[in-house]
Amino acid sequence: MKLILSFALILFLGLFFFADSSHSAVQQSELTKSITRGKALYMETCITCHQGKGEGAPPAFPPLAKSDFLLKDPVRAIGVVKFGQKGKIMVNGKEYDNMMPPPGLADDEVADVMNYILNSWGNSSKKMITVQMVKAVKEKK
Amino acid sequence: MKMKTKNTVIFGGLFLASITLMSINSAAGEKEKMPLNESDLKVETVASGLSMPWAVAFLPGGELLVTERTGKLRLVKDGVLDPQEITGLPKSLFRGQGGLLDVTLHPDYKNNGWIYISYSSPKAEGEEGDEGGANTAFIRAKLKDHALTDIQKIYKASPNVKSTVHFGGRIIFDKKGHVFLSLGERGQMQNAQNLAKGQGKIVRLYEDGRIPEDNPFVKANGAKPEFWTYGHRNPQGLVINPSTGVIWEHEHGPQGGDELNIIEPGKNYGWPLITYGIDYDNSIISKDTARAGLEQPVIYWRPSIAPCGMAFISSDKFKEWNGDLLVGSLKFNHLQHLTVKDNKVVKREIIFDKIGRVRDIRQGPDGNIYVVLEDSGKIVKISPKS
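Protein chains in written order, with the numbering used here: chain D, 1 to 141; chain B, 142 to 527.
So that you can see chain B by itself, here it is in the shape it has in the complex:
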């Protein structure tokens, strides 16, 4: 009996050793991932005192550039919020879900100094649409001390719509000279399917706002040439996979219909013709979840998590998560770690439950992960403990 126990212990030890060896072997191999758990990571506050922060960008000097949805652009230096706000911002409509939205630096910021900023732009004289309405727009500008200079209007979606919901507003670059902007359908679901309306679309432009000749709808009758994809509801997540160049988007669906999509030119993502969700009064928006010619999401969330912010991980500090996505949840105050393999999500894991109302997730130039929290007005840094 005693002997047997000893044997078991020895055998168990060997077994463990072989597992360890196996995992070392497979780590040396291609995409096999060793577990990296929340418990291996720490969360530190790097900025606080912000009022409804929406997005963060990283200046080369280490400062953070943060949009506050109320209409202000702020600097954070060495963990301290600069009390002096940045001047020269366009007028944004802070109402409902609107306001100052995304901020992101041009990939070659060090040389050209361009900062791109999106916002809910109120109707100006001579613009199309509802009086008192608004739609999503973006500018680029340079930062000199505490002022935006060289401001250039890149694009404004048309028409203006009086609703105060679904502005989208994410900006990304493909490093091939194009910039993308996501547009929400502004509460008018049918217009997500209307190629004459700047609602529920993803737009592709040259970085200076000109329209690329090879956009999918350039030659289509009655369609706006800036559109890249259509049939979106409210896309508040837009990222490009740094290793493959594939664009991923997530959007708020109705109840139970949040989606993660792979964005490909000219495609129709189906809202509201197909959806996995139902309306807020429990009525049926569409009886179909799939239809020929309409794209299926990579995954959908039921119940809705209200996804906001997204980042691809490509960092020496998170090797085990490289190639994976992190998505924020406005509704459940957590992050979701989505394991990505061959353009599919093979696993979903909730991490940092109760972290706060997540507005933005970015990987910083230091390889750490930064999360913008709307409720506490903070930016936190997630990094390995050791």
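Chain D on its own, in the form it takes in the complex:
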């Protein structure tokens, strides 16, 4: 009985583990796909100011690579990609006072760009940015 129980437990845990890993594998490939799409958008829309390795062009344009502004508050960053950015911000201890025009991306594209910049040039983020998350971000007036 004890044997059967422990066997069942192992089976149960195993199933759980398996299910969980396959679930994250699906999400993993979703993330990979989103990053790939985001990269193409980045190359077209963002690269002129933020540059090829996300290093930006200080003092005019802030970096994205290892940027505390981006990594500490991805939801705020969604707002920037979605609606643009105006005025003073602090990035890695340096002040930037410039304007980023809204890139005019659709919500799914904002998610893709976010996933790319959150997972490139030494940045990494476990949490995938979804369209729903982008939809939920409203413009601050």
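Calculated directly from the structure, the hints in this document are not laboratory data.
Note that the Cβ used here is the ideal one computed from N, Cα and C, for glycine as well.
Any given hint could turn out to be false.
What the hints assert, rightly or not - Dumping the calculated DSS-like pairs for lysine-lysine here, alpha-carbon to alpha-carbon at most 30 Å:
1) B:Lys495 - D:Lys53
2) D:Lys94 - B:Lys317
3) D:Lys86 - B:Lys522
4) B:Lys519 - D:Lys88
5) B:Lys519 - D:Lys94
6) B:Lys428 - D:Lys53
7) D:Lys138 - B:Lys232
8) D:Lys72 - B:Lys495
9) B:Lys482 - D:Lys86
10) B:Lys317 - B:Lys495
11) B:Lys519 - D:Lys39
12) D:Lys86 - B:Lys519
13) B:Lys428 - D:Lys86
14) B:Lys232 - D:Lys86
Stated by the list, open to error - Listed below are several chain D residues computed to face chain B (Cβ distance under 7 Å; list not exhaustive):
15) Ile47
16) Gln51
17) Gly52
Since the structure of chain D is provided, determine the placement of chain B on it from the hints.
Then chain B, alone, in the frame of chain D:
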């Protein structure tokens, strides 16, 4: 000792007086310029509350006509933005760098009422190119109250391209019956060299859109007859020198390769075969900065300033700057005063640092200089303090 000091003072006074005389003399002479400094000028806001303004035109009644890149055309009267937007605009694609772009009046606007407007035009049924793509187009129309009427499509560059960058979009007239439109290469650099593609070119047309028979590529096989010059990347500055008739253009290069060019028919301005810039990932686009048969810029900017907007000064209010160019910088939020002599730039000076993200610079009919600022949604007037 005391005597010596006195002598020095007298001598110094004489010296100063002679300098003053000298400068008066040379001012009376031809192109010698007395310094006019930023500190002699004032900046006043004449319009605010605009959403990403791109260009401004001056109506004879004193109103300003302003394009907003989001797709709207607005009126400003006596410093107040008219809340009622102008209707009848073509559909423009507001995405990336695209949207409603330039606005300019026909030189004989008072008599014919034509307003020319450029924009990123999304692919329409039956047009060539990518599904969901776009390319630069322009129309002319008349303004009746708050509506565009008599709308005529003048030209649309072909093919449509899915990219959302490099639309160019500046419109100028040569007062000899022609209109010019600048086209960006739409993110496809090789096509700037392809004379069958409406990308990376400057176009010359009659003012009603017909193609002039004396355009340089009219008889060239496989080339589009509307093209005037080629090999451009993203020209967002196009002006004609009012005293010489020479056309000047500036274009965004890649990193470190922004250029100021003199535009002459049939010439190849080299992108991407030659460039002073490198790609955004630091890779080399071309190892050459010069090659036979390809035009050299008058100047280039390294690092890039992201030039946008340009004006020749020809004004009683800026006598010392007459014949010079003002260029805007999107990147550094300033203006550059370029001293021009014999079609060369002999001096560059940064003025009005931190003025804002400059989209357009025009000299108004009142001789003052107007600057369109994208970030603050304002138009400012620069004029002498006294």
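Here's how the hints hold up against the structure:
no.	hint	verdict
1	B:Lys495 - D:Lys53	27 Å, holds
2	D:Lys94 - B:Lys317	52 Å, violated
3	D:Lys86 - B:Lys522	22 Å, holds
4	B:Lys519 - D:Lys88	18 Å, holds
5	B:Lys519 - D:Lys94	27 Å, holds
6	B:Lys428 - D:Lys53	21 Å, holds
7	D:Lys138 - B:Lys232	26 Å, holds
8	D:Lys72 - B:Lys495	29 Å, holds
9	B:Lys482 - D:Lys86	38 Å, violated
10	B:Lys317 - B:Lys495	38 Å, violated
11	B:Lys519 - D:Lys39	34 Å, violated
12	D:Lys86 - B:Lys519	14 Å, holds
13	B:Lys428 - D:Lys86	37 Å, violated
14	B:Lys232 - D:Lys86	27 Å, holds
15	Ile47	4 Å, holds
16	Gln51	5 Å, holds
17	Gly52	3 Å, holds
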